[in-house]
Each structure stands twice: as structure tokens, then as C-alpha cells.
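**Student:** Here is how the chains run, residue by residue.
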Amino acid sequence: MSEEIIRVEHLQKNFQIRKGLFRNSKKELKAVDNVSLTIHKGEIFGVVGESGCGKSTLARCIMGLSPVSGGEVYFQGTKISSLKSGELKPYRQKMQMVFQNPFSSFNPSMSIRQTFYEIGHVYQMKDEAITAQCSELMMQVRLPEDVLSRRPSELSGGQLQRLAIARAMFLNPPLILADEAVSALDVSVQAQILNLILDLRDSLGLTMLFISHDLTVVEHVCDTVLVMYLGSVVEMGPTDELFANLLHPYSQALVSAKPKERPDQETNHIILKGEAKTAMDTSGGCRFAPRCRYFKEGICDKITPELREIRPGHFAACHLFDEKEDTI
Amino acid sequence: MNKDSIVSVQDLNVNLMTTRGVVCAVRGVDLEIKKGEIHGLVGESGCGKTMTAKSILRLHDEKRTLYSGKILLKKTDGSEVSVLELPRKELPSIRGEEVAMIFQDPMVSLNPLLTIGDQICEMLRTHTELSKPEINARMLDLLNMVGIRPAEERSRQYPFEFSGGMAQRIMIAMALSCDPQLLIADEATTALDVTTQAQILELMKDLQRRIGMSMLLITHNFGVVAEICDRASVMYAGKIVETSSVQELFDAPQHPYTRALINSIPRSGRSGERLVTIPGAPPSLLQPIHGCAFAPRCQFATEQCRQIQPPMTGTGGHECACHLAGAGKEDVQSV
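If you read the protein sequences in the order shown, they are chains V and X.
Take 1 as the starting number for the first sequence in my numbering and just add one per residue.
Take 1 as the starting number for the second sequence in my numbering and just add one per residue.
For the record, the hints were derived by calculation from the structure and aren't laboratory data.
Treat the hints with care, since some could be wrong.
Cβ-to-Cβ under 8 Å is the rule here; a few derived chain X residues that face chain V [stated by the list, open to error]:
#, residue
1, Glu44
2, Ser45
3, Thr190
4, Val194
5, Asp206
6, Asn221
7, Glu227
8, Val246
9, Gln247
10, Ile265
11, Arg267
12, Ser271
13, Gly272
14, Ile278
Dumping the calculated DSSO-like pairs for lysine-lysine here, alpha-carbon to alpha-carbon at most 30 Å [unchecked claim]:
#, chain 1, residue 1, chain 2, residue 2
15, X, Lys89, X, Lys54
16, V, Lys273, X, Lys205
17, X, Lys205, X, Lys75
18, X, Lys205, X, Lys3
19, V, Lys27, V, Lys273
20, X, Lys205, V, Lys277
21, V, Lys126, V, Lys84
22, X, Lys35, X, Lys54
23, V, Lys258, X, Lys54
24, V, Lys84, V, Lys27
25, X, Lys205, V, Lys258
26, V, Lys260, X, Lys35
27, V, Lys260, X, Lys34
28, V, Lys258, X, Lys75
29, V, Lys260, X, Lys205
30, X, Lys54, X, Lys70
31, X, Lys3, V, Lys258
32, X, Lys54, V, Lys260
33, V, Lys258, V, Lys277
Here the structure is a predicted model, which means the values were calculated and not measured.
Virtual Cβ for every residue (Gly too), placed ideally from N, Cα, C.
Only chain V is shown next, with the shape it has when bound in the complex:
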């Protein structure tokens, strides 16, 4: 196995919610609950889940943008989750982010060149080095160099998202976090960006944490996939293996809910019934239990399932696999 970039162990992130007339009743919201993962060099690691399941909070905790409540984050072997913000600075340049909306993640009053120069100056790069890096990056994201002198308002969404990727790559970071980086784009532009990401992985060995709610996109670009539900990991494994043998009832429902690709395709939507638990619910048991088709009373609502290796490299957190012969 190649070099390890990020290792997350039992990550926990809780938010305090104050409710009531005098804001005196405190409640805990578990946004990320006991998540462990490892990202290797040259790997595109996908995180999928519905809105509010804690995907972005997970990314923010890994980046150190938001302090963790428990567990550890290791970056290339160094523990970074306990560092103060000043001590984090050398690691910040090693992890860069690409955001969802390219139109709002660029400063509208700066030209693209100025944006790049600003990053360079923060990290005491010489002007010549910055210029050289700019031309190099423009070549990698396949944009003409005259784009550099334009402002964001003169560029299209696809061009800006390429520039956002170029900006993230500016300091040659070992890890790029893409938070819903293709969700706001039209399909034809999305196709360009996905191709670009795959090309960059193949040519430069780019390592990426790719967050998306779109299963097909994740299946298309990621090497490893992690499925989240209400803050906890329900299933994790290599993309091909995971999509070929979906184990967790939630992943099955999620995949089956995808609209068909062609009108004549047979579909068998599993429509989720019942209301989801909220992340504030601290009662034990599986978080998916109230909506699960295979709900078993006395087990699923009492005991929290642990993430276990069911098939080689393929993990799932479900009581259905407690006994070997008791599979779906």
C-alpha cells in the first residue's frame, strides 16, 4: 500500500444546542460520530450521504477548521487534531479545498492572477516562482494563459471551477478536499471537471477527499467510498466492490433511489418510510433503525452496530451481519 496521507481515528464532533426560553436546556448534537478512515497517496476517497449527514463537518474537522470533540486526525503520521491554530499553519498549505460554488469562492474584485499572487505572497514565494507556477497550472487544467488577467465575472462556471482546482493545487498540497465540487455545475461542464480530476490523479498522483451527494459521480471518480448516515459511517469499501455488493440497507436504499438512466430501465425503488432520527437523538441503537426494512426489535433499537469487515476490504455497520449465515 502506498504512503498514507490522512488517518482519522474515532473522530467525534459534537455541537452544543441551547434551547428553551432562557437558552438553558443544553443538548448535544453529534454531527460526526466515531468516524475512522485512511486516505492513501494517489487515491480519490469519496464520502457520500444526504444533506445534513455530516460530510462537510468531517472535512472541516480534517482540515482543522473546526476543533474536534474527540478522536484523532493524523496527517502524514503527525497528529494534527490537537494543534492550536498557529501551529496548524504549516499543515494548512498541505491541505487545500475546492468549494461547491465557483462564483462565490473567488474574490470578484481581483483578477485571477492577483488571486494566485496573494496565495504566493502569504507563503513568501518569489514573483518569478509564482508566475512560473501559474503557467504550469494553466497547462495542467487546460486553460489559456490569458484567463489569468480576467476577473471571475468574465469567466464561465466551468472555467472558474478549473481555476478553483488550480488554486487548490498552487502550493502542491499532498491532499485536496473537494466539497461538492461538481454539484453546482451543468452536466456537460461536470463531465469536463470529472475528466480533469481523473487525468490529474493519473498524471500527478493527486490525492483527494471527494465529498458529494451524487452517487453516480462518486462511483465514477472515486477509488474508495464511504457512506455516511446521520454522522456515522454505515459502509466503506473499494468503489467496485462496494457498488457490486451493497451490504447496508441504507446504501441499498440510497442507490435504488437514483433516477433511472434510461426510460426502459427496470427500477425497484426502495422508498424510505418513517421519519429519520435526528442527530440530537442520543438513544442507543442503529441510527437508521426507524427507517430500516430489516429492523429487528430488541437488537437494532438497543445496540449500536460496529463497523466490521464483512468482505475483504469492505466494511459495514449493521446487525444483519452479526452471524455469518444471517445475510440478506
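Fit chain X to the supplied structure of chain V, relying on the hints for placement.
**Tutor:** Just chain X now, with coordinates in the frame of chain V:
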């Protein structure tokens, strides 16, 4: 207007006056929506889908909008009206009663200060002559119909107490309150999660079958089209480039743009493969467009394409605006 059509849009042009000049947002759209069908309107952002749909209700700011062309609407009583020539006073008799519309974000479409029951009742008070208890009963019926239960209790709740999917159900209930003949859904499931989207699509399909109304479904997602539409039109730069039954649109797309668009969607079971992309960018609608709007990005474009705007041609309900209809068919990756 055809006998079985509900809405017939003929050569519709919508020009918007902006500070940067006149934007030709819709350039000659012809669209027929038949009774009882779900018609999809697909295209990328900025291609004029919403502009076309809003014109059916005349929802644009008329101080800054110039319409030309014709929109004919068959009313419930059988009479035909030309929407664009209707006096402003008579517009409310169409909006909500004949044609209803739901939008992308249900949370901004609902009034945060009124209970959802009040909001549905308000709609019924404005458009019908029912008595108070009748209105209340109808409101509860509607909530039950869209699956918000227990209706009595939930009708007294405020929008913030509902999730996005539930709020979209309320919007659907509201849109259906006056039994419209046509429901326009403008990206109604785009902001929702896949599992919720599947629920809402299921609900819309079911209601459409039960009530027998027509639907115009605006989306950029071909999956949604494949899922519930009967026919679909593809738009590019303010024009419809292809209209056909959904099955045929996926089996034998004629226009190079439709083909490229369908091929640019990632599919399951093909991980890591490079997708088909469309070079270039859509044209600016501020300048007049000569010839086919797609020609600069089309790999099959000829001199004729750059000079003459192709008309819609075709038979058997499959029409396409391309001089070379069918060109490069062998490129279609059949799946």
C-alpha cells in the same frame, strides 16, 4: 391548436431589457403540451427553460419584457384563450386555477409567518367560493393526498417545522388546490436528496395519473426525465432543438447537442472512464445569433449550419432542428 393539446406555444420570443442590453432569452419556441402527459423540458442553465415556462403564466416583469408569438391555453370550460393578449385583470383566473407552478426551493416559496394550513386555505379563499368549513375540509383532504399525516395536527405547524421534502409536498398540495389542468414544476426536485427526490417523483406521477392533469417538468437532470416523463423537449440557447417521446430521445437522439448531453452523464458501472465533453461554451444571448446556435461547438457543423438557422423537421412526433439530423449516429454509445 391541436384537439388534444392543453397549451400550445407558437413561435414565442421573450426579450428582456437589462442594463447590459437586450437579452433574447427565448428565441422562437414551439411547444405543444397534450392532455394528460408529463412533458419534460431539459437543458443546461441559462438556456431559457424557466423563461418559457414563466411566459405561460405571464410571470415576467412586463415593464422589462417584450413578448412576441402566441400562447394558447384551453380552459376547463373548453374555451381557448391567448395568454399574451389577456388583459392583466383576467390573469388571476388563469394563475392557480388553470395553470399552477411549483418552484425549486419550497422553503422560500412558503410564508414563514403563516401556518401551512392557513396558506392553503388562503389559496382556496381567493380562487373558490367555498364556505369556511368546506375550505377547511378540502385543505385537510389535500394534505392527506400528498401524504402529510396527521393532517389536522400538521396543518397548524409553520414551514420551519417541515423538512425540505415535506415542504415540497405542501407546495404540491397548494398547487393542486384549485384542480389546475397543467402543473408546471420548475426544478421541483433539484434541491432535494435522492431518497426524497424519489418520494416526490413517485407522488407526482401517482397524482398525475389519478387526476389526469398535464405536467410540464423543467429539469436539467436526464434521470428525472427518464423516470417520469412521456415526452421531452431539449432546449439550447433559447430554442428547442429536439422534441420526441422519452424512449426515442434516449434510443435515437437526433440532434448532436442532445447526443453529447446524454453521453456526458456519468453512468454506473463505468467508473474511471472519461466522459464525453462538449467543447466551448454556450453563446451569449446579448448578440444576435446567425445560423444554428450550436454550430460553433458542433463537430459536424458545415457552412450551411453557420449561415442558416435549421427549422424543426421530422415525423411521428420526433422533431429535430438540425441540418444534419442523425449525423454521426455511430458515435452514440448505446448502453
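**Student:** Go through the numbered hints given earlier and state which of them the structure violates, listing their numbers in rising order.
**Tutor:** 3, 5, 28, 31
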